[in-house]
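J.: Sequence:
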Amino acid sequence: MGLMELSTFLQQAEKTNQRISETEEMSYFKIIQSNNISQKVRKMAMNKIIQNHILFVVSCARKFSSKNNNIADLIQEGILGMETAILKYNINSNVKFLSYAVWYILQRIRKFVDSHSSVIYIRVNQKQAANKITRKMINSNLALESMNLSTDELIEYQNIVNASNVESLN
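Mapping to this note's numbering: the sequence shown position 19 is 180, numbers consecutive.
If you are wondering where the hints come from, they were derived from the structure by calculation, not from laboratory data.
Quick caveat: nothing in here was measured; it's all calculated off a predicted structure.
Watch out, some of these pointers could steer you wrong.
[Stated by the list, open to error] Label-pair distances were calculated between CB atoms; the ranges are:
| id | residue 1 | residue 2 | range |
| --- | --- | --- | --- |
| 1 | K201 | T169 | 39 to 45 Å |
| 2 | V322 | K224 | 30 to 36 Å |
| 3 | K191 | V285 | 33 to 39 Å |
[Unchecked claim] In silico DSS-like links for lysine-lysine, alpha-carbon gap of 27 Å or less:
| id | residue 1 | residue 2 |
| --- | --- | --- |
| 4 | K288 | K257 |
| 5 | K224 | K201 |
| 6 | K257 | K191 |
Ideal Cβ positions, reconstructed from N, Cα and C, are used throughout, including at glycine.
Between the sequences and the hints, there should be enough to build the whole structure, so can you do that?
T.: The following block contains the structure:
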């Protein structure tokens with residue numbers, strides 16, 4: 162999706178974004194969670210909730226867009242995260258849906274970014290472990306050598322950092 166297509170998409174989303182009330186949204190959740198309603202009707206209810214919050218998904222996706230990550234892919238991932246949140250949301254809780262859904266949306270987008278941000282594929286759990294060490298070093302102003310890591314952990318951390326910084330295989 163190019164910039165023109167994205168701006169057209171956003172304009173269309175703003176035009177068709179008819180805000181629904183919380184009561185109406187709760188009725189859609191009841192439809193989705195009901196077992197005796199057809200799959201087609203449940204999907205239409207899910208789409209209404211997604212359309213109601215699509216601009217929030219777009220704003221989350223924009224924060225993670227870069228030269229490596231296409232905004233359209235990030236929006237898609239955010240919508241998939243919202244679908245997960247819709248299916249897991251408890252309408253009897255005192256939490257607003259969007260407050261509940263933000264974690265699922267961001268989690269899905271971050272996972273996509275982590276898996277597509279490097280030329281060399283690095284498993285997500287390895288990247289997260291390396292990021293945790295890096296954050297700990299930055300927050301406590303410690304040198305890598307003073308982090309009490311084993312030799313194997315130190316070598317693995319340095320390999321992950323080096324592989325993450327590769328921009329071309331040439």
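J.: Each hint should be assessed against the structure and marked as holding or not.
T.: Against the structure, the hints come out as follows:
no. : hint                    : in the structure
1   : K201 x T169: 39 to 45 Å : 28 Å, violated
2   : V322 x K224: 30 to 36 Å : 23 Å, violated
3   : K191 x V285: 33 to 39 Å : 35 Å, holds
4   : K288 x K257             : 32 Å, violated
5   : K224 x K201             : 33 Å, violated
6   : K257 x K191             : 15 Å, holds
Hint violations for this structure: numbers 1, 2, 4 and 5, all remaining hints satisfied.
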